[in-house]
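K.L.:
Respectively, the protein sequence lines represent chains A and B. Residue 168 in our numbering sits at position 168 of the first sequence, with consecutive numbering throughout. Residue 280 in our numbering sits at position 280 of the second sequence, with consecutive numbering throughout.
No lab work stands behind these hints, which were simulated from the structure alone. Note that the coordinates shown come from a computational prediction; the quantities given were computed from them, not determined experimentally. There could be a bad hint or two in this list.
Claimed, not checked - 25 angstroms max Cα-Cα, derived SDA-like pairs, lysine to any residue:
id : chain 1 : residue 1 : chain 2 : residue 2
1  : B       : K130      : A       : R183
2  : B       : K74       : A       : K56
3  : B       : K104      : A       : F261
4  : B       : K130      : A       : N161
5  : A       : K56       : A       : R183
6  : B       : K132      : A       : I145
What the hints assert, rightly or not - If you only want the chain A side, here are some residues facing chain B, beta carbon under 7 angstroms, derived:
id : residue
7  : E165
8  : E168
9  : A169
10 : I171
11 : M172
12 : D173
13 : I181
14 : L252
15 : P253
16 : A256
To be verified - Computed footprint of chain A on chain B; a stretch qualifies when at least three of its residues, placed anywhere within it, have a C-beta under 8 angstroms from a C-beta of chain A:
id : segment
17 : 71-80
18 : 193-205
Note that the Cβ used here is the ideal one computed from N, Cα and C, for glycine as well.
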Amino acid sequence: MTQVWLKRLGFYALVTVIILQAVFPFYYAILTSLEDGQALFEVNYLPAALNLVNYKSMLANGVFGKQILNSVFVATVVVIISLALAVTAAYALSRIQFRGRGLLLLTILSVSMFPQIAVLSGLFEVIRWMGLFNSLWALVFSYMIFTLPFTVWVLTTFMRNLPVEIEEAAIMDGASSLTIIRRVFLPLMWPAMVTTGLLAFIHAWNEFLFALTFMSTDGQRTVPVAIALISGRSEFEIPWGNIMAASVTVTLPLVALVLIFQRKIVSGLTAGAVKG
Amino acid sequence: MATIDLINVSKSFGAVDVLHNINLALRQGEFVVFVGPSGCGKSTLLRMIAGLEDITSGELRIADEPMNDVLPAKRGISMVFQSYALYPHMSVFENMAFGLEQAKLSKADIIDRVNKAAEMLQLTPLLQRKPKQLSGGQRQRVAIGRAITRDPRVFLFDEPLSNLDAALRVDTRLEIKTLHDRLPDTTMVYVTHDQVEAMTLADRIVVLNDGRVEQVGTPMELYENPASQFVAGFIGSPKMNFLTGAVAESHGATCFGIRPEHIEISGDAGDWQGKVILSEELGSDTFVYVDVPTIGRVNVRVAGRHDVNAGASVFLTPQSDSAHYFDANGLPVASLVQS
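Pulled out of the complex, with its shape left as it was, chain A reads as follows (with noise of 0.2 angstroms):
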């Protein structure tokens, strides 16, 4: 009995460790966004104040609207093309036999495996050379190389478990491979196409080594950058406050995004294991 009850005990006990290290960080980030001054420094675990003037320094702050947006269109642009370019890609490797698809397969792979660090400077020069430097769409092309790998694998995946039956039909009904995507295929693959197209997005949001790298100007960076460099009036001075208004701000999108989709997400995550 007692046993019984010792396991439950263990149970919840590990599940609000879990929650506790997943949230808690998240819960102080808006604990302290919401102080200001010397409360700041007192250590508290509850609400003590109810203080918007970080956000609106924030706010306040010209450039920073802009890097929102700067971050909201690099994200969405990556997240449409890989979209988009992976569908047709998952569409050729999941269902059309050739030559060299296995190793096109692993190629993909492979590429994703690259640290970022190792093909910085390579890609730097690219960047320089195609003339993109200090403009956007070097982010979103450089960000491609890291999310087409990613959503063609998983897509190319999903679309093999979808029955070839459903494209025959198809066929035999007259469907033309174009119409087969978006009429056939597009419908069934929502749920795969939110759960990749959202962590692309995520990846695209959060992305901080090429977005310091690649742009030069307070007004072209995106914000995991532009958080970084937020500075006080003086060296000595760090602006707790600002920072943590700053980081709610960008999280809170994203938190909006998954609790939207989540639905989705979940079919999306085990649509392999059952079929349509």
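Following the hints, put chain B in place on chain A, whose structure we already have.
P.N.:
Leaving out everything else, chain B in the frame of chain A:
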């Protein structure tokens, strides 16, 4: 006039030859069943007629026009798949209308055709449902409905009943038969591994084995005059008894074949004496398995009930005019073929 002619058709997947020189001429409005064990190439042959598989060599003609390089949708063919292959995200109506939309028919025309097909298959109340809200039998009817709306010259079925339970299978078999009666000009080709389906549905059966045509004929021709030992064993249930040894050699053959229903069983006199191993009573029939020394195990089918215990001694008498004799190559011994 949708005749289908296969002239010297072969199919290879890489180095593997799947079908060897198939020659078949299917008449318009005929219901032809391709039957054979799994792996015999029957589905591949059907898919080649549909255009889903390339023809490696040989010619396919539908209504006397060469079809080797014609797109599947332009062949005037509809196909019903084993797994139904309905579009899961579309309603029944949209499923049935999809092909017509691709053919650029007018809206009114599409609605008209779908409604007609739905009525024919009693699908009208289900038109707005999604496939996952339907039972297996209903899904099968939608798949057939989708095929009908396109008004095809040729109807192809790829094992359409194998995902249904036994009771529903019989009902759907009847529906397919009725469908064929209602569309007398439509040529239907049906693939199955189930010889009962083949016997009940077909005008003519094509028995395939290992990529070759073993025999083409009406169900009764195959039953009465099998062209090979393979066909004799494949058609008929329970399977024909194949006996080797003295029984066959006395007739100059290597194998003596007799169907279980062509053996008389008696308690006191007969040609062979043996011991009952097991008897299965089905009500309408009784299957008796008898071990006959020097001959082997013989299956006997007795109409109605037949009370006999395991271990009992019985006498068997084969009806000699229903016997079949095969040589070492599995071919009928010519001099002994029944007329």
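K.L.:
All hints, please: hold or fail.
P.N.:
Structure-based check of each hint:
Under the criterion of a C-alpha separation no larger than 25 angstroms, the hint pairing B:K130 with A:R183 is consistent with the structure, at around 16 angstroms. Distance restraint check for B:K74 and A:K56: the Cα-Cα separation of roughly 66 angstroms exceeds the 25 angstroms cut-off, and the hinted pair is therefore not satisfied. A C-alpha spacing of about 36 angstroms is found between B:K104 and A:F261, which places the hinted pair above 25 angstroms, so the restraint is violated. Under the criterion of a C-alpha separation no larger than 25 angstroms, the hint pairing B:K130 with A:N161 is consistent with the structure, at around 20 angstroms.
Proposed proximity of A:K56 and A:R183 is contradicted: the alpha carbons are some 47 angstroms apart, above 25 angstroms. About 39 angstroms separates the Cα atoms of B:K132 and A:I145, which puts this hinted pair outside 25 angstroms; it is violated. Among the interface hints, the one on A:E165 holds; its C-beta lies about 4 angstroms from the nearest C-beta in chain B, closer than the 7 angstroms criterion. With a least beta-carbon distance of about 5 angstroms to chain B, the hint placing A:E168 at the interface is held under the 7 angstroms criterion.
The beta carbon of A:A169 comes within 4 angstroms of a beta carbon in chain B, closer than 7 angstroms, and the hint placing it at the interface holds. Hint status for A:I171: holds, given a least beta-carbon distance of 5 angstroms to chain B, under 7 angstroms. With a least beta-carbon distance of about 5 angstroms to chain B, the hint placing A:M172 at the interface is held under the 7 angstroms criterion. A cut of 7 angstroms between beta carbons decides the hint on A:D173: the least distance to chain B is about 4 angstroms, and the hint holds.
Interface restraint check for A:I181: the shortest CB-CB distance to chain B comes to about 13 angstroms, outside 7 angstroms, so the restraint is violated. Against a cut-off of 7 angstroms between C-beta atoms, the interface hint on A:L252 is violated, since the closest Cβ of chain B lies about 32 angstroms away. For A:P253, the interface hint is violated, since its Cβ never comes within 7 angstroms of a Cβ in chain B; the closest pair sits about 29 angstroms apart. Annotation: interface hint on A:A256 violated; nearest CB of chain B at approximately 26 angstroms, more than 7 angstroms.
Counting residues of the segment 71-80 of chain B whose beta-carbon sits less than 8 angstroms from any beta-carbon of chain A gives 7, enough to reach three: the coverage restraint holds. Counting residues of the segment 193-205 of chain B whose CB falls under 8 angstroms from any CB of chain A gives 0; the rule of at least 3 is not met.
Violated hints, in rising order: 2, 3, 5, 6, 13, 14, 15, 16, 18; the structure is consistent with all others.
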